[in-house]
Amino acid sequence: MDDMDSDPEGEKAPMSVIRVPSAKIALSTASVYPERTPDAFELAARLGYDGVEIMVGADPVSQDIDVLERLSDHYQLPILAIHAPCLLVTQRVWGKDPWAKLKRAQRAAERVGAQTVVVHPPFRWQRDYARDFETGLARMREETDVVFAVENMFPLKARGNKVVPYSPDWNPVDYDFPQVTLDLSHTAVSGSDAWEMFTKLGDRLAHLHLADGVGIPNKDEHLVPGRGNQPCAPILERLAANGFGGLVVLEVNTRKAASRTERVDDLAEALAFARLHLAASANA
1 MDDMDSDPEG EKAPMSVIRV PSAKIALSTA SVYPERTPDA FELAARLGYD GVEIMVGADP
61 VSQDIDVLER LSDHYQLPIL AIHAPCLLVT QRVWGKDPWA KLKRAQRAAE RVGAQTVVVH
121 PPFRWQRDYA RDFETGLARM REETDVVFAV ENMFPLKARG NKVVPYSPDW NPVDYDFPQV
181 TLDLSHTAVS GSDAWEMFTK LGDRLAHLHL ADGVGIPNKD EHLVPGRGNQ PCAPILERLA
241 ANGFGGLVVL EVNTRKAASR TERVDDLAEA LAFARLHLAA SANA
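Read in order, the letters of the sequence shown correspond to residues 1 to 284 in UniProt numbering.
Bear in mind the hints are in silico, worked out from the structure with no lab data behind them. Quantities reported herein were computed from a predicted structural model and do not represent experimental measurements. For glycine and all other residues, C-beta sits at the position ideal for the given N, C-alpha and C. Check before you lean on any hint, since a few could be wrong.
Result set (DSS-like, lysine-lysine): computed pairs, CA atoms no more than 25 Å apart in a straight line [claimed, not checked]:
1) 162 / 200
2) 157 / 219
3) 162 / 103
Estimated spans, in silico, between C-beta atoms of each pair [unchecked claim]:
4) 243 / 128: 34 to 42 Å
5) 142 / 196: 30 to 38 Å
6) 113 / 157: 38 to 46 Å
7) 226 / 138: 34 to 42 Å
8) 113 / 258: 22 to 30 Å
9) 242 / 124: 19 to 27 Å
10) 265 / 124: 38 to 46 Å
11) 241 / 34: 35 to 43 Å
12) 128 / 163: 19 to 27 Å
13) 219 / 34: 43 to 51 Å
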């Protein structure tokens, strides 16, 4: 029988070696909404995700570390990141003090063994918090091994004008944050050049929110990757080539799924996309 790796003259053809980085692929608990946090654990375990990112929100389970630990143990699925309650709709979750929220997120991450806390830039009306944001995060980093990864957001458009509700800005790339979360749905809605932001971040990219979008103003789409126009595949492939050791989190919107089967299919497709592209040929 001919050697399938040989050419017609009997010489061995070079084998293509695929390298997969140490980065884990997690499911954001927000991706199963309107289902709840326990359902995210169940689906992530069933589909083969490496872990979950907890979006701390209105769901009481997302706020309760004791229950989260039990879910993690039950499904044998680690909690890899905590998304602090930074949204408008979570202003009162874990209290009103934004620094107290971050401290609580830090303690939660330390307790469950999560490597990252995702945090948004302050809102403009959080003046004291915004004024001390960069230096305050630097102080917190000195007290823990947990990474605080500041996420890119997006401006809003109202009557033809751009409104920026964040301070110092919606885009953390040009600021002195040593770790950043890049969200590829937010790059779409902001009209940003996602590849330029990605390359500019370099080693500061600690966390990737993998999603897609087509760039509709004021609409944060969080499409399954591959269904929009963001460079999801090239970014994953470059991360693989660079040996990325951070976390890739599928944060997609399945709330319009017609059935649970459709939601499961979307989450399976998202994971398959990530696994396919988070690999690089050593001969490339």
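Hint check:
As the CA atoms of residue 162 and residue 200 are separated by approximately 24 Å, the hinted pair is consistent with the 25 Å bound. Under the criterion of a C-alpha separation no larger than 25 Å, the hint pairing residue 157 with residue 219 is consistent with the structure, at around 10 Å. A distance of roughly 32 Å separates the Cα atoms of residue 162 and residue 103; the hinted pair therefore is violated under the 25 Å criterion. A beta carbon spacing of about 40 Å between residue 243 and residue 128 agrees with the range 34 to 42 Å that was offered as a hint.
In this structure the hint that residue 142 and residue 196 lie 30 to 38 Å apart at CB holds, the actual value being about 31 Å. Under the hint 38 to 46 Å, the C-beta atoms of residue 113 and residue 157, about 41 Å apart, fit the expected range. For the pair residue 226 and residue 138, the beta carbons lie near 37 Å from each other, so the given range of 34 to 42 Å is met. In this structure the hint that residue 113 and residue 258 lie 22 to 30 Å apart at CB is violated, the actual value being about 37 Å.
Evaluation of the 19 to 27 Å hint for residue 242 and residue 124 yields a failure: the beta carbon distance comes to about 35 Å. At roughly 40 Å, the beta-carbon separation of residue 265 and residue 124 lies within the given 38 to 46 Å, and the hint holds. Between residue 241 and residue 34 the CB atoms are about 38 Å apart, so this pair conforms to the stated range of 35 to 43 Å. Remark: the range hint 19 to 27 Å for residue 128 to residue 163 is upheld by a beta-carbon distance near 22 Å.
Checked against the hint of 43 to 51 Å, the C-beta distance between residue 219 and residue 34 comes to roughly 19 Å, which is inconsistent with it.
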